[in-house]
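Novice: Next come the chains, spelled out residue by residue.
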Amino acid sequence: MSIRLAELVERCGGELIGSPDTQVTGIAPLTEAGVSHISFLSNSKLRAQAGQSRAAALIVSPNDDALVAQTYTGARIVTKNPYAYFARAAQYFEALTAIVPAPGVHPSASVDPAAQVDATAHIGPLVTIEAGAVIGAHVVIDAGCYVGRDAVIGASTHLFANVTFHARCVIGARGILHSGAVIGTDGFGFANEGGVYIKIPQTGRVVIGDDVDIGANTTVDRGALADTVIEDGVKLDNQIQIGHNCHIGAHTAMAGCVGVAGSAKIGKYCTFGGAAMVLGHLTIADHVHVSSGSMVSRSILEPGQYTGFYPLAKNSEWEKSAAIVRNLSTMREKIRSLEKAIKTITNQASGHKDES
Amino acid sequence: MSIRLAELVERCGGELIGSPDTQVTGIAPLTEAGVSHISFLSNSKLRAQAGQSRAAALIVSPNDDALVAQTYTGARIVTKNPYAYFARAAQYFEALTAIVPAPGVHPSASVDPAAQVDATAHIGPLVTIEAGAVIGAHVVIDAGCYVGRDAVIGASTHLFANVTFHARCVIGARGILHSGAVIGTDGFGFANEGGVYIKIPQTGRVVIGDDVDIGANTTVDRGALADTVIEDGVKLDNQIQIGHNCHIGAHTAMAGCVGVAGSAKIGKYCTFGGAAMVLGHLTIADHVHVSSGSMVSRSILEPGQYTGFYPLAKNSEWEKSAAIVRNLSTMREKIRSLEKAIKTITNQASGHKDES
Amino acid sequence: MSIRLAELVERCGGELIGSPDTQVTGIAPLTEAGVSHISFLSNSKLRAQAGQSRAAALIVSPNDDALVAQTYTGARIVTKNPYAYFARAAQYFEALTAIVPAPGVHPSASVDPAAQVDATAHIGPLVTIEAGAVIGAHVVIDAGCYVGRDAVIGASTHLFANVTFHARCVIGARGILHSGAVIGTDGFGFANEGGVYIKIPQTGRVVIGDDVDIGANTTVDRGALADTVIEDGVKLDNQIQIGHNCHIGAHTAMAGCVGVAGSAKIGKYCTFGGAAMVLGHLTIADHVHVSSGSMVSRSILEPGQYTGFYPLAKNSEWEKSAAIVRNLSTMREKIRSLEKAIKTITNQASGHKDES
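Protein chains in written order, with the numbering used here: chain S, 22 to 377; chain H, 22 to 377; chain L, 22 to 377.
Isolated chain S, as found in the complex:
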């Protein structure tokens, strides 16, 4: 199977330089592209390499095009953001071969008669859908998923196998929930009485916007009274924990193993590196970037990059530095003593001078 560049440009935009009838069979990085591929130049440093590419066509930015064109003889698609174009083109190629699940409910699924399932939705084997749930158009729910009472799954959203989506929670359109994700589990809310914990019922929901991806085995707690909110375009990787009543702003992305404690309010367009942790009730401004492995223990009200992890070293060196870190106040005392000693010496010296 192959497609014409004219077709790709019609679908994904960009300015085509070269034959619209050029056929390409797939998309590949510069170093791996063969003569039937289309490739892309997303980093200007690789311009020379791009110029030598064997690919039938190249996606390039206006800035890079002139230089590439000096040596490259294939077709070019010129577009502002070649990497984004690559993503869209790859989606297009994938759609051509993807097996679209047939509409309808698998006979082994357990769908409550009081649930509303759109006729265009696909409900896979051994899925459970409870009463009052609403499953939108072109939704795909793969095998083994659970959708609770009165939950709402927006149009074209995809639940991979073995997702759990609890009662009354809501997700918008074009979302992706990966396997093992649990949405709307109870938050960790207890009152303590004489050392014993008494459960506080968690009666809020999780409300998720459009175009949200949630990774495998990620968990999102329902709100205690109010809702946990995840705005449009948020991307959560695998193994993430989002506490009750968190609010995550639009187009924020979190890498794997991140944890966000309850009631944290996180801005838009933020990024969190893997295993970063955010304490509860904090506020994080828009455009904040937290490095992997960092512990956010106070609110961050200014955009920027923030970091806090202990640098890696050979174990023997770490043992030395860690021992000193443990006793840094001793070191500070020594410095103070030194400062004092020098002051004394200097004073004596000037005293001597005065006397002389």
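One should not assume that every hint holds.
Just so you know, same-sequence chains aren't split out, so a pair can sit in one copy or run between any two.
[Said to hold, decoys possible] List of simulated lysine-lysine pairs, DSS-like, C-alpha gap at most 27 Å: (1) Lys66 x Lys341; (2) Lys66 x Lys220; (3) Lys101 x Lys341; (4) Lys286 x Lys220; (5) Lys101 x Lys361; (6) Lys286 x Lys335; (7) Lys220 x Lys289.
Treat the hints as calculated values from the structure; they're not laboratory data. Model, not experiment: these values are computed from the prediction.
Since the structure of chain S is already known, use the hints to place chains H and L on it.
Specialist: Quick look at chains H and L alone, frame taken from chain S:
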């Protein structure tokens, strides 16, 4: 739906001051309570605010009651621990509207004929229960759960959808296992022979007491030979890992993403902040509190609060501090040199004096 | 049930000293072994204790045997690596009592007619197997598992309940996938355009070798274009995240809660302590050992032990040390000032001398 305060006090205790016929429709925090709500004052600093509350009734402590009563004209329930009372009252309100799952086994469930399921238990769709398992009175097992051979689920325990509870493990009464939790998976036990790992069979169980909550996607390993033990009243949040042969004392609580390596012995009434880690074979005393993101690499034999995480900073500042941390032994050397130099100077100075 | 030592030695090797007709009913550690057990001495420091053991038989190394034999009167199995022998013997004992799942497909399972299931495989209740999947000889797939299109499960591999194994992924022989594990979920790949993320289709596979164990709720991403590769003998504990296009060398082991970001290349015979994190695109050499809780933020090209976590302290002490860590550059400045001051003093002193 609304309830009379008399009914609430009969159920939850406390001293009612005001009309027993006062009707309330729900419970809400001070700032959100409307005229038909009951609210609560759990923090004395908010006494003034409580005095102005619109709520039909207030839950207050004996200490705060007199001051609140000066301005507040609604009914009051006086009780030692208003927050705990709030939790109980909220449970009561929730129970009024909760849909109680009907007793019986869903036709799509796969229950081995050699399993014992109490007639009052609810077994949801597509659940698997293996031979020899014992399911107690009023147990609720939601869709997609798995209960292994000879496992025991105590009375009124609730397994949310898609829990895995392995063979021979035991949980007591009134427990809650959240979706995706895995109880009784094999511990990580291997013998190494020439670099290759040979699996050591994990033949112990997980034995869980009464009133234990285990969060979504949390995993608890079965013991290698002896059992992994979780005592009464323990509360584990989501995404936690408990290694084989751990022993967790009663009423200890762990926030999300905590990890406890094998054979750790943790006391009663401890708390662990999110993503804290405990190494294997350690002992943690009762009433130890570990801050979020802290690595417990040695036993803690004294109660108290313990912390160990690198403080967050702007990335540029972190880079500076991390570079110095890497070279702290150099800094220590410099201080030693300075101390020596000053000693020399001081000695010379006093030498000069002696000479003069 | 009991077995003769002759039978054990025939199966597991080793040199038997004593009666081949000695019967043992199970295997137990030195301190717990009773008169019908076989025990083992894996640590020479315990030789004296072993000599006093009540066990019917002992597994000992050639080095320890002579000393043990001075006081111990039971049978001995002499072998180079008693701990590995213990593991094998324990496997043997376990196999004697294990319930072997019957071959065949449970009637409640949903197996696509276009899947190939070996006649010796066991497919449990409520399992889904998609078209084109290939299930090898003696494979055991427990209840609630999902196996995607064209996936390949090698001979004698065991999927515990509720595993998700996605389309086109491959696992070799004798693997163990624990409950809640998700293999072949989409990697976290997006192109950013004006702040908005565009999904890059993840079309690679996960390719897993022989004798690989993957823990409960562990997630392994499929490759973006190329494959994610896990070589023979790798052991992954619970709650681990492996990003897309990672390559994990043979016989590497990772403890619980480890995270490995995309495209990391990890060598053979490595070990990672719990909650260690590895950033993306790094290279880790063979025989590298990373301590628990350590953040690997750069490639490690030399074997050895590496560590990087903030040492735990009482919270009040940590607050002091953390405040100093935040201001280490101030401390460095002070040291520089001191060095300068001393230089000045020393110069003046020698100046004085010159003048004198």
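Novice: One pair to classify: Lys66 and Lys341, alpha carbons no more than 27 Å apart. Within, between, both, or neither?
Specialist: neither (41 Å within a copy, 29 Å between copies)
Novice: Within a copy, between copies, both or neither: which one fits Lys66 and Lys220 at a CA-CA cutoff of 27 Å?
Specialist: Answer is between: at 24 Å across copies they meet the 27 Å cutoff, but 57 Å inside does not.
Novice: One pair to classify: Lys220 and Lys289, alpha carbons no more than 27 Å apart. Within, between, both, or neither?
Specialist: Cα proximity of Lys220 and Lys289: across copies only (18 Å, versus 32 Å in one copy).
Novice: Checking an output row: Lys286 and Lys220, CA cutoff 27 Å. Within, between, both or neither?
Specialist: both (24 Å within a copy, 25 Å between copies)
Novice: Have a look at Lys101 and Lys341 and pick one of within, between, both or neither, based on CA distance no larger than 27 Å.
Specialist: The answer is neither: 51 Å in one copy and 36 Å across copies each exceed 27 Å.
Novice: For Lys286 vs Lys335, is the C-alpha pair at or below 27 Å within one copy, between two copies, both, or neither?
Specialist: So Lys286 and Lys335 pass the 27 Å test across copies only (19 Å; inside, 38 Å).
Novice: At 27 Å max between alpha carbons, let me know whether Lys101 reaches Lys361 within a copy, between copies, both or neither.
Specialist: neither (62 Å within a copy, 54 Å between copies)
Checked against the numbered hints listed earlier, the structure breaks hints 1, 3, 5; every other hint is satisfied.
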